[in-house]
Amino acid sequence: GDSVTQMEGPVTLSEEAFLTINCTYTATGYPSLFWYVQYPGEGLQLLLKATKADDKGSNKGFEATYRKETTSFHLEKGSVQVSDSAVYFCALINAGNNRKLIWGLGTSLAVNP
Amino acid sequence: DAGVIQSPRHEVTEMGQEVTLRCKPISGHNSLFWYRQTMMRGLELLIYFNNNVPIDDSGMPEDRFSAKMPNASFSTLKIQPSEPRDSAVYFCASTAGDNRAYEQYFGPGTRLTVT
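Residue numbers (this note's numbering), protein chains in the order written: chain P, 1 to 113; chain W, 1001 to 1115.
Okay, chain P solo, but in the shape it has when bound (with noise of 0.2 Å):
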């Protein structure tokens, strides 16, 4: 079946930092994929989505790259900041799987002053 496997955690960057958070994905067909972020005490919300193949995500300075040849969807940053440390998942759905995301583990980001 279709599965997401991100980079474990915890990530510990300084401010300023460049950021990379590796996701690679396995799936038929052609996935949409997407980040997502969970902040201390709150609920998951949107970062960034890519639907096809080369599409680049972007938001809050935040990037992701759909690269299909190598199955993967890394999210970076060039200048991290405290306010960024959260947790991080990557997930897809695709066309047979209805409307389930599959999800990633999560990787902990902690941005050090």
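Errors might be hidden in some of the hints.
Stated by the list, open to error - For lysine-lysine, the following DSBU-like pairs were computed, each having C-alpha atoms within a straight-line distance of at most 35 Å:
1. P/Lys100 with P/Lys60
2. W/Lys1078 with P/Lys100
3. P/Lys100 with W/Lys1024
Said to hold, decoys possible - Stretches of chain W that chain P covers, calculated by requiring three or more beta carbons in the stretch to come under 8 Å of a beta carbon on chain P:
4. 1040-1051
5. 1102-1112
In short, the hints are calculated from the structure, not lab data.
Where is the CB? At the ideal position from N, CA and C, for every residue including glycine.
Start from chain P and add chain W according to the hints.
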């Protein structure tokens, strides 16, 4: 809109007691999802509804768990009897129509502790 509303935010109960978690989805959304989140297992989909009808309950751990959606604006997740291993944060999420089914709006969660 107020977003997805869940109640209670925190619940502490003793093993064997019945627990009912409540969710009010965003008005106009036609799909509703119940998730459980733990450190050990991450985020697990328990069940989801489309137009108030349960579509997939394969994630419900066992018969002690049940979920209902009597109308478009309300859903419950019930655990009876509760056990310590049910301790987790339970999230409800809702989505709009087909072309935006991926954008799930999550509630703040209910933190359940079973002692």
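Quiz item: Does the structure keep lysine 100 of chain P and lysine 60 of chain P at a Cα separation of 35 Å or less?
Solution: holds (26 Å)
Quiz item: If you look at each residue in the region 1102-1112 of chain W, do at least three have a Cβ nearer than 8 Å to any Cβ of chain P?
Solution: holds (count 8)
Quiz item: Mind checking, does the region 1040-1051 of chain W have 3 or more residues with a CB under 8 Å from chain P?
Solution: Since 5 is at least three, the answer is holds.
Quiz item: Has the given pair, lysine 1078 of chain W with lysine 100 of chain P, been kept, meaning a C-alpha gap of at most 35 Å?
Solution: Roughly 22 Å separates the two Cα atoms, so the pair holds.
Self-check item: Pairwise hint evaluation, lysine 1024 of chain W against lysine 100 of chain P, where the allowed Cα distance is 35 Å at most
Solution: holds (20 Å)
Against the hints set out earlier in the document, no violation occurs for any number.
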